[in-house]
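Asker: Residue-level listing of the chains:
Protein chains: 4
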Amino acid sequence: MHDRPSDITKIHFVASEAPEAQAAFERLTARYGQVRPEEAEVIVALGGDGLMLQTLHQHMCHSVPIYGMNRGSIGFLMNEYHEDDLLERLEQAEMSVIHPLRMKVRDRESVTHEALAINEVSIFRLTYQAAKLRILVDGQLRMDEMMCDGVLVATPAGSTAYNLSVYGPILPINAPLLALTPISPFRPRRWRGALLSNEAHVRIEVLEPEKRPVAAVADHTEFRHAVRVDVHEARSIGLKLMFDPGHALDERILAEQFRY
Amino acid sequence: MHDRPSDITKIHFVASEAPEAQAAFERLTARYGQVRPEEAEVIVALGGDGLMLQTLHQHMCHSVPIYGMNRGSIGFLMNEYHEDDLLERLEQAEMSVIHPLRMKVRDRESVTHEALAINEVSIFRLTYQAAKLRILVDGQLRMDEMMCDGVLVATPAGSTAYNLSVYGPILPINAPLLALTPISPFRPRRWRGALLSNEAHVRIEVLEPEKRPVAAVADHTEFRHAVRVDVHEARSIGLKLMFDPGHALDERILAEQFRY
Amino acid sequence: MHDRPSDITKIHFVASEAPEAQAAFERLTARYGQVRPEEAEVIVALGGDGLMLQTLHQHMCHSVPIYGMNRGSIGFLMNEYHEDDLLERLEQAEMSVIHPLRMKVRDRESVTHEALAINEVSIFRLTYQAAKLRILVDGQLRMDEMMCDGVLVATPAGSTAYNLSVYGPILPINAPLLALTPISPFRPRRWRGALLSNEAHVRIEVLEPEKRPVAAVADHTEFRHAVRVDVHEARSIGLKLMFDPGHALDERILAEQFRY
Amino acid sequence: MHDRPSDITKIHFVASEAPEAQAAFERLTARYGQVRPEEAEVIVALGGDGLMLQTLHQHMCHSVPIYGMNRGSIGFLMNEYHEDDLLERLEQAEMSVIHPLRMKVRDRESVTHEALAINEVSIFRLTYQAAKLRILVDGQLRMDEMMCDGVLVATPAGSTAYNLSVYGPILPINAPLLALTPISPFRPRRWRGALLSNEAHVRIEVLEPEKRPVAAVADHTEFRHAVRVDVHEARSIGLKLMFDPGHALDERILAEQFRY
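Protein chains in written order, with my numbering: chain A, -10 to 249; chain B, -10 to 249; chain C, -10 to 249; chain D, -10 to 249.
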């Protein structure tokens, strides 16, 4: 009831480089103050989805919730921008918890790289040569050989991002699923992808990696010359996004499915 | 081994009208006997998916499991046909439990009809006039007006049936989802449908039902001149399908997603 | 200007049954007169695309051009509705000439039926049983067996109608092509159809017509229990549609391709 | 009849680097001789479609016909490989003449580059930032702003290549059309592309080229940091491909449309 921890006063603001995000940052820090991220009860991100992804990545190890206000071109993860009533909105906001994907990449030097992805892990050709990929799910061979621009594994939160552009389905935010979606498949040319359990371990093996080099990308973190990529959901990490009531991520994704 | 309850001896066989299904029925009842359905420990269905659907509908109130063997043209729900080893196969079979959809239809005489669907509930125009439909999910208007041949709501088990023909996504058998998929949408012409929680209540309202009559169909049970159709999952009813090890419904649907 | 033949004075008006079309009919015939169709220099159709199709069919044997004004729900073939300036608009209108399809249907009684289609010839299942169809192009077998709701052959003019709802491509009005597009294909489930030369002769053979009856439909003219359907363009028939400058059919179809 | 110019004796062989192409080159030149390209009546290309494209580009200014034999992984443009009867096959081969696209690229330094494309001209993002493109056809703005991986313009011959991977339609080889197809469109997310007259001039303008750099690619010739790309068919250039009877390009493309 009372003395609820949600009497938020300590805010850390971040902003994208866009002039209108920077201007908002000036006005809002002047009005509501600015604490260091370690002390913050909430991080308020000013920009578009690009900034939100970046902020989520940067604060993945803390458990501090993040509230975005849209000052960018695409704001699927952002609330409407208003300067007034920020404290009230933060107190009334609804929380959505999402889990990232963990990507492990082995490159042609046999070095292993690791990164987390909130939206998607994608594999993409590095030259005009089409990629030739093999797909295993839970250790079982499922796609022997696919020639394509690439393939991606998307979370429900990411299903409205790159996955949507390559004609993958939008997933309800609470669906225990991952979308495995081909990018410009050439052979087999009509494969549309698969919906997998969120407990699935997906392995992508790169065939002919010298002739057909690919990059493995976790959101925007890229590793070149991958030869094998493993992807699974990192259930132990929970990212907290805050949304104005009636506009939480489940409603946003549901509404997005009925847009046309 | 010892007295496990799975020492099945009481089988009720059913068969489709196809000659090869009838011939199989003769040979198998001669060999394994034939008990009445009320006494059966398992029902063995001989035919294709059409017969399986029919058998599931007929025995929905019992809890007796059903094992199909393929003697038809489409056998997604059927095991391979062999005459030998039937008892051993039944004992080793894996069980998949699926829930049907409950459809409630109000027609133009204000009469209410009810039926269950294992695969899908579909709404379809009765004349060459396109249907004009409105869609609500959990009481909330989601699609104001769609001109189309129709729309369907599919279960995961049904996602590989009519839903697949109209370009809906295949759902893993355990995904707590329903697929809402338009059939030949004219306006909005690019809407691809939505994946909904399996707890969703879907209501389809028929606009201009006199000029644009539609039928509501639960699997093959049709009610004409529907004006309102309500659909939700009947969680209280669990249908038991038996599959040979390694070929249970989850694996079948997963494999189906990688077919091309 | 001077006595160009385009000094149109003899108009035959037709209208759909919709109240606003009927009201327009009253006002326009009062203002511009009404001649019999045989005497008309132009037919002015008041309604939507449905009326336009009907009018085109009714006057297919004359060579009188038709000018539509939109008083209906879908007006792709219609000009904007204004009551003033009609004579000037008719004189300045641009003409698009389109060719219909000729459909020849053989039914289960071996009776042959014939009809013309401006938009499309479609084959569609008559019961819940999926149709099983075979497709030949210019006498050559191209699709051995397709299980589906049906299939259609669309003209460029019709490519924005039913063809578009079933995900067929929009064709430029002058493209010498026909679109052959499956309707809810079940097997082969990923076939997307073909673009054929407008000189192609398409034959659809209905397999298992007793178990799986289908109708053959030319626009809205339906023949039930078809067992074989032949379709080709009737080049000898040219239908004249009139459009306000800058809004002729080629521009409309091009613009339609960039809608989303 | 007799002394037809088609008594081919002067062949120039080319081969890809693949071992089996190189081995074929050794055997065939030993058997049929090898003349310089300038003297050749026909060029025989040994490899896959990649080599064929390269060979067509290299000899675009001559009018010498090219006959391919498949020693590669994808051989849509290639005939079957046999070592015997080559002269007879060359004499009986059917000719398909295709026209390339001419691409003019202006880059961020205002330098203009030009290249020809047999399959397609594609525009593609150079970094993870989505491209933002504007599309004009014949000087008229048709797509104000599209966020995407890119876009392509394909010839009928190229419609079965990259265009097919990004879900563009296959075009009959003689259709006077070009396919304009989006690559992973993010906004407008459901635009499927357009079929344009082969006389169309397509202009792609790159928006925010500093933040969102793109490459313009004609088949495999790439120019980076394009800010404007113009594409139209080069009718004056006719490339001659030779195919065994019954397997010419029109038949190949028609057959490809019925594959699934």
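If you are wondering where the hints come from, they were derived from the structure by calculation, not from laboratory data.
Check before you lean on any hint, since a few could be wrong.
Note that the list lumps identical chains together, so a pair holds whenever it fits in one copy or between two copies.
Below, in silico cross-link-like pairs of lysine to aspartate or glutamate (DMTMM-like), each with a Cα-Cα straight-line distance of 20 Å or less [to be verified]:
id, residue 1, residue 2
1, LYS200, GLU28
2, LYS(-1), ASP73
3, LYS(-1), GLU98
4, LYS(-1), GLU188
5, LYS93, ASP233
6, LYS200, GLU9
7, LYS229, ASP127
8, LYS229, ASP219
9, LYS200, GLU6
10, LYS200, ASP38
11, LYS200, ASP(-4)
Asker: At most 20 Å between CA atoms: does that hold for LYS200 and GLU9 within a copy, between copies, both, or neither?
Answerer: This pair counts as between: shortest inter-copy Cα distance 17 Å, intra-copy 45 Å.
Asker: Check LYS200 against GLU28 for me: Cα-Cα at most 20 Å, and say if that holds within a copy, between copies, both or neither.
Answerer: So LYS200 and GLU28 fail the 20 Å test inside a copy (50 Å) and across (34 Å) alike.
Asker: Is the C-alpha distance from LYS(-1) to ASP73 at most 20 Å within one copy, between copies, in both cases, or in neither?
Answerer: Answer is within: at 16 Å inside a copy they meet the 20 Å cutoff, but 67 Å across does not.
Asker: At most 20 Å between C-alpha atoms: does LYS229 with ASP219 qualify within a copy, between copies, both, or neither?
Answerer: Neither, since 25 Å and 35 Å both go past 20 Å.
Asker: Is it within, between, both or neither when you check LYS200 against GLU6 at 20 Å Cα-Cα?
Answerer: between (38 Å within a copy, 12 Å between copies)
Asker: Between the shortest in-copy and the shortest cross-copy C-alpha distance, which are at most 20 Å for LYS(-1) and GLU188: within, between, both, or neither?
Answerer: The answer is neither: 37 Å in one copy and 39 Å across copies each exceed 20 Å.
Asker: Treating 20 Å as the Cα threshold, decide for LYS229 and ASP127: within, between, both or neither.
Answerer: neither (28 Å within a copy, 26 Å between copies)
Asker: When no copy is named, should LYS200 and ASP38 be tagged within, between, both, or neither for a Cα gap of at most 20 Å?
Answerer: Between copies, since 16 Å is at most 20 Å while 35 Å is not.
Asker: Indicate which option fits the pair LYS93, ASP233 if close means a Cα-Cα distance not exceeding 20 Å: within, between, both or neither.
Answerer: neither (35 Å within a copy, 35 Å between copies)
Asker: With 20 Å as the alpha-carbon cut-off, assign the pair LYS(-1) and GLU98 to within, between, both or neither.
Answerer: Neither, since 46 Å and 48 Å both go past 20 Å.
Asker: Can you tell me if LYS200 and ASP(-4) fall within 20 Å by alpha carbon in one copy, between copies, both or neither?
Answerer: For LYS200 and ASP(-4), the Cα distance exceeds 20 Å both inside one copy (58 Å) and across copies (40 Å).
The structure shown violates the earlier hints numbered 1, 3, 4, 5, 7, 8 and 11.
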